[in-house]
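Peer 1: With these hints in hand, go ahead and build the complete structure from the sequences.
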Amino acid sequence: MENGVRETLPNETAIPGPLKRYDRGSEFRRIWKRFKRNRGAFVGLAILVIFFLLAIFANVFAPYDPKEQNALSALQPPSKEHLLGTDNFGRDVFSRLIYGSRASLSVGFGAVLFSMIVGVTLGLIAGYYGGMIETIIMRIVDGLLSFPALILAIALMAILGLGLQNIMIAVAVGFIGHFARVTRGDVLNIKEETYIEAARLMGVSNTRIILSHVLPNILSPIIVQAVLRVSAAILTESSLSFLGLGLPPPTPTWGFMIAEGRGFIVMAPWISTFPGLELFLVVFGLNLFGDGLRDALDPRSAIS
Amino acid sequence: MLQLLTKRFSHTVIVLIIVAIIAFAMMRFIPGDPVLIMLGGEYSPEVYAKLKHDLGFDRSVVLQFFIWGKNILKGDLGYSYISHEEVSKILKDTIPVTIQLSLCSLIIAILIGIPAGILSALGRNSWMDYLGMSFAIFGQSLPSFWLGILLIWIFGVKLLLFPTMGYVPILTDFWKGLYHMVLPSFTLGSFYAGMIARITRSSLIDVLDQDYIKLARAKGVVYRVVVYKHAMRNVLIPITTITGLQLGMLLAGAVMTETVFQLPGMGRLVATSILNREYQVVQACVLVIAVMFIGVNLTVDLLYNFLNPRMRNK
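So the protein sequences, as listed, match chains A and B.
Quick note: the first sequence, position 13, residue 13 per this note's numbering, numbers continuous.
So this note's numbering is basically just the index in the second sequence, starting at one, shifted up by 1000.
Each hint should be verified, as a subset may be incorrect.
Said to hold, decoys possible - Computed cross-link-like contacts, DMTMM-like style, restricted to lysine to aspartate or glutamate with a CA-CA straight-line distance of at most 20 Å:
| id | chain 1 | residue 1 | chain 2 | residue 2 |
| --- | --- | --- | --- | --- |
| 1 | B | K1050 | B | D1093 |
| 2 | B | K1007 | A | E134 |
| 3 | B | K1007 | A | D142 |
Claimed, not checked - Listed next, the stretches of chain B that the computed footprint assigns to chain A, with coverage defined by at least 3 CB atoms under 8 Å from CB atoms of chain A:
| id | region |
| --- | --- |
| 4 | 1068 to 1082 |
| 5 | 1091 to 1097 |
| 6 | 1137 to 1146 |
| 7 | 1174 to 1188 |
| 8 | 1246 to 1259 |
| 9 | 1287 to 1294 |
No lab work stands behind these hints: they were computed from the structure.
Every residue, glycine too, gets a C-beta built ideally from N, C-alpha and C.
Peer 2: So, in structure tokens, the structure goes:
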């Protein structure tokens, strides 16, 4: 079937494919070159890769079962057996940290992906079609943006109940408005361009114009937004977990580990300190990476 | 200017209505009997029947919304069945705490952020710039609740320099109130300080590249005067706007900071009410925070138009 389709469309082969591919490659290479020059961004990327590997291969890296309790080895300081010590239930802090990265990263990236898809769709529709649809969508967005993201997430957790999927949704809702607003603004700028008008005059359908002409041209600011939002999403997730609104225990999350260790901060500071350090490192890495990406994708906005 | 005011105000009213609808809908989506949830654990059948009638649950959803809205406009935000108090009374006690915390944090953030940003911009690409900007990203990446715990541990428990909890209103005892605010404000302000430093740096660098600055320099005006009189005046506009528009984040951050330092503010009220399943209190807090947020944004917006002569003459 596939061959048949190709044969009936001989014109397709007339398009200089290699040239197109070369163009994309060079654009990507330009961005990569700019990105590489930024040492901070590179460090950020390295931190992220390490944490991703830790999360994916948690069962390989973690020396102990993160949920296994052992009263005999409770509150032990960092040692050879327990690299980062043990908590009040005798659980290995290092193993819990590694497993905890799964919750943070999956909520961070999952929530942003979800809010990006919803927000960008709303923004595209509002910006492209305008009129009544735009007014309705943007007023709802204004309403959503009137709630600080964390407050919205806390309230939503009350409605949805605990659970990984629910945390993602609760965190995501607070970000939808930002994506919608950014997208709409860019669509408005680009809508009047000649090539969009040309496409419209040629009778290309609106959906097609939006997906293959508008969206690709506004993608880079959206991607930068998304990366910078992931760090906010991870902080929101850990805040929820800290308040006891995250994944139900005994599943390890950084936020809840910090909350649990709070009462032992004098006796056993390692329980709270290390998860916080971890959290800080991931957010730090994401911020560095996001800044570098912004400068690389949009050289005009580059600060230095 | 009058036209602008009417436009902004009418827009704000629409947003307020939408916010009210969202806050109302939230309560309706909570699974289970909302009356039972509001009452929490202990209640008598009479109280149940009365609340059900008061809230109009026997009527249509639209009508319920209007009853609820009317009550709120009258200042009746509901009743807490756990602390046996009017929610509006609880809010009256907790809001000043949150405002005091937010203002102190904002002041600390400005006191750290603006000088750091100026130093970084003036020593562009020097070690000072790297140091300043590293601190800025550091501040923006630190989870506030964790920073709070560390500060309590180091400055409160180990060094015994500052109190780790407790709240004293600044209006009744200025120095003692301030003393109690040091650690919480640092905790909440660190993110802000980083943000302000970065905005200050990039705006100042932008302005210093402008022709009128070059002209002033060419005329022989002392560099210090150019920076502080000519450039900073223009840098303050973006700082004011962006900082103001992000003020809502201080309100959200207050949830975490107040929880860590056990301050009796609105943020901690939200957190404890959620855990106590006192959804009416949560709803009231969410609504009040959103209204404060909208109010701040409106003020900043108008202030921006007022501060910026280019906008004023339009």
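Peer 1: Within a Cα-Cα threshold of 20 Å, do B:K1007 and A:E134 meet the stated pairing?
Peer 2: holds (18 Å)
Peer 1: Residue count check for the region 1137 to 1146 of chain B against chain A: does it reach three with CB-CB under 8 Å?
Peer 2: With 8 residues close enough to chain A, the hint holds.
Peer 1: Count the residues of the region 1246 to 1259 of chain B with a beta-carbon closer than 8 Å to any beta-carbon of chain A: does the count reach three?
Peer 2: holds (count 8)
Peer 1: Can the region 1287 to 1294 of chain B be counted as covered by chain A under the rule of three residues or more with Cβ-Cβ separation shorter than 8 Å?
Peer 2: Coverage by chain A holds for the region 1287 to 1294 of chain B (4 residues, Cβ < 8 Å).
Peer 1: With a C-beta cutoff of 8 Å, work out whether three or more residues of the region 1091 to 1097 of chain B approach chain A closely enough for the coverage to hold.
Peer 2: n = 0 at 8 Å, threshold three: violated.
Peer 1: Is the coverage entry for the region 1068 to 1082 of chain B by chain A consistent with the three-residue Cβ rule at 8 Å?
Peer 2: It is violated, with 0 qualifying residues against the three required.
Peer 1: Just to be careful, I want the Cα atoms of B:K1007 and A:D142 compared with a cutoff of 20 Å; is the pair within it?
Peer 2: Given pair B:K1007, A:D142 holds - Cα atoms ~15 Å apart, limit 20 Å.
Peer 1: With a cut-off of 20 Å on the C-alpha distance, tell me whether B:K1050 and B:D1093 pass.
Peer 2: violated (27 Å)
Peer 1: Report holds or violated for chain A covering the region 1174 to 1188 of chain B, Cβ cut-off 8 Å, minimum 3 residues.
Peer 2: violated (count 0)
Violation of the numbered hints given earlier is confined to hints 1, 4, 5, 7; the remaining hints are satisfied by the structure.
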